[in-house]
Amino acid sequence: MAPPRKSENKQGVKPGSTQNQVRWTRTEMEHALNSMRQRLAPQITDRALLQQYLEVDNLDVDRAVNRWQTHRARILAGAAPPPSDSSSSSSSDSDGEDDGEGVDEGGIFEGMQANAIAERFNANIEQERRDAALAFRLEIEDSSVGYVVLSPSQAIFFLYICGWDLGVALSRWNSTSLKESFLLLGEFDRMRKPLHREIDVSDEVTLLAQDERLATFINITGRPDWYSLRERLVEADWNLIEAVAAWFRPGVRPERPSSTGNGPGIRVDVNLRELDWPADGDCDAAEGTVMDEGWGQEPNYFAPDNPFPNPPNPVKENPVAATTKPRGTKPIDGRERRNGFLIHIDSSQARETAQIGIRNPELFLIEWICKGKYWYNRFKHNKLGFPEYEAAQNIPPRANPLPEFDWKNQDHINLLNNWRRQVTNRATGYNTRQGSQLWSQEEIDFLISLTEELFQEAKREFKDKTEAELLPLVITNKVKEDWQRRFNAKFTGTIQPGSDKERIDRKSSALMTQRGRIRILVDKYKVTEDKQWFKRQENKKEKAKAKVKVGEKRKRDSSQEVKRESSQEVEEITQGEFESTIATAASDGGESGGEEEEQANDADDEE
DNA sequence: TTCCGGAAAATGCCTCGAGG
DNA sequence: CCTCGAGGCATTTTCCGGAA
Numbered sequence: 001m002a003p004p005r006k007s008e009n010k011q012g013v014k015p016g017s018t019q020n021q022v023r024w025t026r027t028e029m030e031h032a033l034n035s036m037r038q039r040l041a042p043q044i045t046d047r048a049l050l051q052q053y054l055e056v057d058n059l060d061v062d063r064a065v066n067r068w069q070t071h072r073a074r075i076l077a078g079a080a081p082p083p084s085d086s087s088s089s090s091s092s093d094s095d096g097e098d099d100g101e102g103v104d105e106g107g108i109f110e111g112m113q114a115n116a117i118a119e120r121f122n123a124n125i126e127q128e129r130r131d132a133a134l135a136f137r138l139e140i141e142d143s144s145v146g147y148v149v150l151s152p153s154q155a156i157f158f159l160y161i162c163g164w165d166l167g168v169a170l171s172r173w174n175s176t177s178l179k180e181s182f183l184l185l186g187e188f189d190r191m192r193k194p195l196h197r198e199i200d201v202s203d204e205v206t207l208l209a210q211d212e213r214l215a216t217f218i219n220i221t222g223r224p225d226w227y228s229l230r231e232r233l234v235e236a237d238w239n240l241i242e243a244v245a246a247w248f249r250p251g252v253r254p255e256r257p258s259s260t261g262n263g264p265g266i267r268v269d270v271n272l273r274e275l276d277w278p279a280d281g282d283c284d285a286a287e288g289t290v291m292d293e294g295w296g297q298e299p300n301y302f303a304p305d306n307p308f309p310n311p312p313n314p315v316k317e318n319p320v321a322a323t324t325k326p327r328g329t330k331p332i333d334g335r336e337r338r339n340g341f342l343i344h345i346d347s348s349q350a351r352e353t354a355q356i357g358i359r360n361p362e363l364f365l366i367e368w369i370c371k372g373k374y375w376y377n378r379f380k381h382n383k384l385g386f387p388e389y390e391a392a393q394n395i396p397p398r399a400n401p402l403p404e405f406d407w408k409n410q411d412h413i414n415l416l417n418n419w420r421r422q423v424t425n426r427a428t429g430y431n432t433r434q435g436s437q438l439w440s441q442e443e444i445d446f447l448i449s450l451t452e453e454l455f456q457e458a459k460r461e462f463k464d465k466t467e468a469e470l471l472p473l474v475i476t477n478k479v480k481e482d483w484q485r486r487f488n489a490k491f492t493g494t495i496q497p498g499s500d501k502e503r504i505d506r507k508s509s510a511l512m513t514q515r516g517r518i519r520i521l522v523d524k525y526k527v528t529e530d531k532q533w534f535k536r537q538e539n540k541k542e543k544a545k546a547k548v549k550v551g552e553k554r555k556r557d558s559s560q561e562v563k564r565e566s567s568q569e570v571e572e573i574t575q576g577e578f579e580s581t582i583a584t585a586a587s588d589g590g591e592s593g594g595e596e597e598e599q600a601n602d603a604d605d606e607e
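Residues 1 to 607 (full-length UniProt numbering) are what the first sequence spells out, left to right.
Because the hints were derived from the structure by calculation, they are not lab data.
It is possible that part of the hints are untrue.
DSS-like cross-link-like pairs, simulated, lysine-lysine; straight-line CA separation at most 27 Å [to be verified]: (1) 501 <-> 524; (2) 480 <-> 408; (3) 490 <-> 524.
Here are the computed distance ranges between Cβ atoms for each label pair [to be verified]: (4) 27 <-> 385: 28 to 36 Å; (5) 375 <-> 304: 49 to 57 Å; (6) 434 <-> 537: 54 to 62 Å; (7) 375 <-> 473: 20 to 28 Å; (8) 196 <-> 534: 35 to 43 Å; (9) 141 <-> 478: 21 to 29 Å; (10) 375 <-> 524: 19 to 27 Å; (11) 493 <-> 433: 29 to 37 Å; (12) 381 <-> 274: 19 to 27 Å; (13) 381 <-> 255: 34 to 42 Å; (14) 27 <-> 538: 49 to 57 Å.
All residues carry an ideal CB built from backbone N, CA and C; glycine is no exception.
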């Protein structure tokens, strides 16, 4: 099914197409392109061509992918170009989804045939990528700045940066100065440094660097047998660039793990079936491409002049995230978990969420490298059914089948996205933004005073109006800006009770949200109340009461409360819930060890 | 026991469409 | 054009079962 078009009157409307009034926004097209690339990976792609397929299928990624794969298979089979565009070829296709259905393909198959990547299509994906590197080098030599001759690793890494999309790579190369292009590649120079051959479990930094390089190597080659790549890296003393060059020529032979602890050494598909091992011969680089005489020499460094050769660059597009980049281990859910590195899904797309109406089963699987090993996790949910997965795993059907995961159901999409966020966070330690900070009483008071002040001003300015007529106050953007400025001037950098971290800036939107959660502002100044939030507050109170009544003995000890410096305690106290807190503290005295104590209490109860 | 990870609640932040 | 408000998004916390 085509995705819903929520916003047809935005910039996506183009008067051009007549018979096809359905258009889409730039964002929708980007989502579709990303999904399509994810589903085609590790094949090579070309952005313009992908776009053509999506347009023919009205942004229906499912259909576009099917059509693409059908055409690709036809080209791989050496199919002679079909006589004309239409019926003869598509109607006899054996795969279930027929791609015709009266849609005028508009010469789209010819478009693929004419595209530079078609020449490089190969059933052997590794070879397809090597050939794409050659195509990239040749294109660059032909272009106006033709005096550049790339080495294999230069071409490979640049294509990798561009997600193995030849069109993207070429346009990016041509729109970037040579110096900058090499500077981009220079990001990888730090991965040349040899690392310890053996794994020293105590050396966190080395382990982290090894994981990053292994993950990158897997992503560059697209190989399923991760263990083979790891062995090759060890052989190269973990010099990734050397290993990549060796993969290009002569190739990396498959190697199965001999010891336990590494599993079978191969990745899984979205239904958790092991992928096929490549045959020895399939891993050798083909003569034609690599023996090409025109390749440039491998440089010692991609960017010898790089003023920042060593430090990993912070994420540029999101300055906030820079502070939360992986740095070894990081407490998540109150536990230290070592950071890992995603594979399969391009890290630049790691935060791409599932979109309603766009089927993309790839999102059910998250794979990563951590602690020198391959890890994965697959989305399941105890209230939803996954027929393909269940069939693949030989899970017996239920008496009452669960509703199937539905790509058109926003609730299901949200479940999936929540799960992906959680798993990605736990696996990588990477967050897209800083954790939010709880509001202190002083901040709340200041927010109240701002409203108060505005109200007094309004009364002075509109003397003829009654107070009731002035409420609720209109908060103009200008006022919001002013509030934000004053608020941050007062609090940013301070340490507020309930936290040991310095306050970061809050945006005016955050201030506006908080206003609806302050009783005085709601009652006295008619600010629209956040009903959901107040309802939860009520629930919380009741729960706390019930707890006090029922299990006087089953209480957390005080040391645990201190550990949880981040807060609810503070909140509760400011909301006037002294009783329960005090009762808690009193009931369990000065004993220690929450869990043990609970067990002790259970024992007591039994006796 | 320790670690992994599923599920959902809690809290805060932010976007975007409806409607003035 | 501007503001409001609903609801989506992100992170953290909590609880807990189960595997290693």
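* Output the numbers, in ascending order, of every earlier hint that fails for this structure. => 1, 2, 5, 6, 7, 8, 9, 10, 11, 14
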